[in-house]
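Visitor: Working from the sequences, and respecting the hints, build out all of it.
Take any residue in the sequence shown, note its place counting from 1, add 304, and you have its number in my numbering.
The reader is advised that the hints may include incorrect statements.
[To be verified] Each pair of labels, with its calculated beta carbon distance range: (1) Ser349 x Leu326: 23 to 29 Å; (2) Val372 x Val343: 16 to 22 Å; (3) Lys361 x His312: 22 to 28 Å; (4) Ile363 x Ser325: 44 to 50 Å; (5) Tyr378 x Trp353: 34 to 40 Å; (6) Asn377 x Leu339: 25 to 31 Å; (7) Met382 x Ser357: 35 to 41 Å.
Just so you know, these hints were derived from the structure itself, not from any lab.
Note that the Cβ used here is the ideal one computed from N, Cα and C, for glycine as well.
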Amino acid sequence: MSQDPTLHGDAKRRFLDLQDSLSIDPAATAVLEALWKEVLVARRSAMYWEHISHAEKGISDRIAKTHVQLQQNYLRLMQEQ
Numbered sequence: 305m306s307q308d309p310t311l312h313g314d315a316k317r318r319f320l321d322l323q324d325s326l327s328i329d330p331a332a333t334a335v336l337e338a339l340w341k342e343v344l345v346a347r348r349s350a351m352y353w354e355h356i357s358h359a360e361k362g363i364s365d366r367i368a369k370t371h372v373q374l375q376q377n378y379l380r381l382m383q384e385q
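Guide: Quick look at the structure:
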């Protein structure tokens, strides 16, 4: 659930239910909450960089395609001369 940002609200509710059912001391509860928040932050960060990577790949693919077309145009031009 932590991997899908649309489910973070539901995941948070389930986490709180789990936390209540464990009946652990306050210090452990604080650590558990901090870890949960870090999981969510890390997942959002990973998703952000994944989107950036896909965008870079798209740009790179377009540049490569344009480069091939330019090479072909150049070769055609050289053959015509």
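Visitor: Each of the hints needs a verdict: does it hold here or not?
Guide: Results for each hint:
1. At about 27 Å, the beta-carbon gap between serine 349 and leucine 326 stays in the expected band of 23 to 29 Å.
2. Take valine 372 and valine 343: their Cβ atoms lie about 43 Å apart, and the range 16 to 22 Å is violated.
3. Lysine 361 and histidine 312 have their C-beta atoms about 27 Å apart, which keeps the hinted 22 to 28 Å range intact.
4. Restraint check, isoleucine 363 to serine 325: a C-beta distance of roughly 48 Å satisfies the suggested window 44 to 50 Å.
5. A beta carbon spacing of about 37 Å between tyrosine 378 and tryptophan 353 agrees with the range 34 to 40 Å that was offered as a hint.
6. Between asparagine 377 and leucine 339 the Cβ separation comes to about 57 Å, which falls outside the hinted range of 25 to 31 Å.
7. Hint check: methionine 382 to serine 357, Cβ distance near 37 Å, so the stated range 35 to 41 Å holds.
In this structure, the earlier hints numbered 2, 6 are contradicted, and the remaining ones agree with it.
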